[in-house]
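Visitor: If you want the building blocks of each chain, they are given just below.
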Amino acid sequence: MSVTPTDAPGQQSEIQVRSGRRARWVVCGVLVSVVVLVGVLATRPAADTSVGSPLVGDAAPPVIGTTLEGDTFDLTSLRGRPVVVNFFASWCIPCRREHPELVRFLADTADRPSSPAVVAVLYDAGDRTNTRSFFAQNGGDWPVVVENGSRIALDYGVRGVPESFVVGADGRVVAHVSGEVTATDLRRLTGMPA
Amino acid sequence: MTRVRVALIVLAGVLAVTLVVGSALAPSDSSSGPPTAAERTAHLAGRVRCPTCSGLSVGESDAPAAESSRIEIDRRVALGESDTQIENYFVSRYGPQALVTPEPEGFGLIVWLAPLGLAVVAAAGAGLAVRRWMHTTVTDPSAEDVALVEEALRNR
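Protein sequences appear in the order of chains A and B.
Mapping to the working numbering: the first sequence position 156 is 156, numbers consecutive.
Remember, the working numbering sits 1000 above the position in the second sequence when you count from 1.
FYI, nobody ran anything at the bench for these hints, they're computed from the structure.
Glycine residues also receive a C-beta, built at the ideal position from the N, C-alpha and C atoms.
Here are some, though not all, of the chain B residues that point toward chain A, as calculated from beta-carbon distances under 8 Å: (1) T1052; (2) A1065; (3) E1072.
Calculated Cβ distances over 10 Å to all of chain A for the following chain B residues: (4) V1014; (5) A1016; (6) R1040; (7) A1042; (8) H1043; (9) L1056; (10) E1081; (11) S1082; (12) E1087; (13) T1101; (14) W1112; (15) A1129; (16) E1150; (17) L1153; (18) R1156.
Make a model of the complete structure from these sequences and hints.
Guide: See below:
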């Protein structure tokens, strides 16, 4: 003898319908979460932008030190002219590649009133000898300041080389370029169109 | 009182005792005095991200940039700057990514809100499960069931 409750099939189908609805809600919730996450990740700015730094608009941090030639250098001595502060190392291939662009930039703008200047900051103090011979072979007569520690790089928020900061005539940071610069970029950023 | 209710009360009691005893036995900063300069440097070195490494703090990395950052932290601690001032220095240079723990603003807000959201969802789920568990009623056997059992017992 078997006893089957009369309402059992009805209850079962109701439970199935409820479970199905709940599963749909869960799937919808997960899908919406994934879409929102992908949307946020896709629209946020890239971590390493080629131009942009918290320093842009602020007074340029000091660049004071001794050059490869043994002279004392202070960035404030160039106030009144746009200055490109270029963080450099001779072992850095992109730095070697961009070097002719810096030479060309200075040559192209030398006859302009308030002509821009370039100063290099040596990222690696142990790289002095190689840097000296690199400049001797490839040109570039701008001062190369040798870091005592990495204080200047830290003050400029440098993550690696090459990085360049364009400092306006008023001593404020106008632009930050992470990676290689070109003479065209520098002319534009220093307000010296061709 | 049902067994479920007793179990819940015992569980709540155990949790409360654990929290009270744990917080009483935990080392307190106030009892050991203010942190030394070296302790502050170590703490801040664990908070500031190494600018040239991937996912490491300056306290964990041997990179030259990390060493320079530690020296800078040490120098600023010696000058009497507060932890917030020192952290703000690195943020002003490298942006909000300068800190290992992101600030609760912008995209970093998700990192703070996601665990909170998950905790709320988990608590709601646990609450629903407990509610359903407690409302599960055991119905008395029907007359037919009783008759079936009695018949089975008789035929043993």
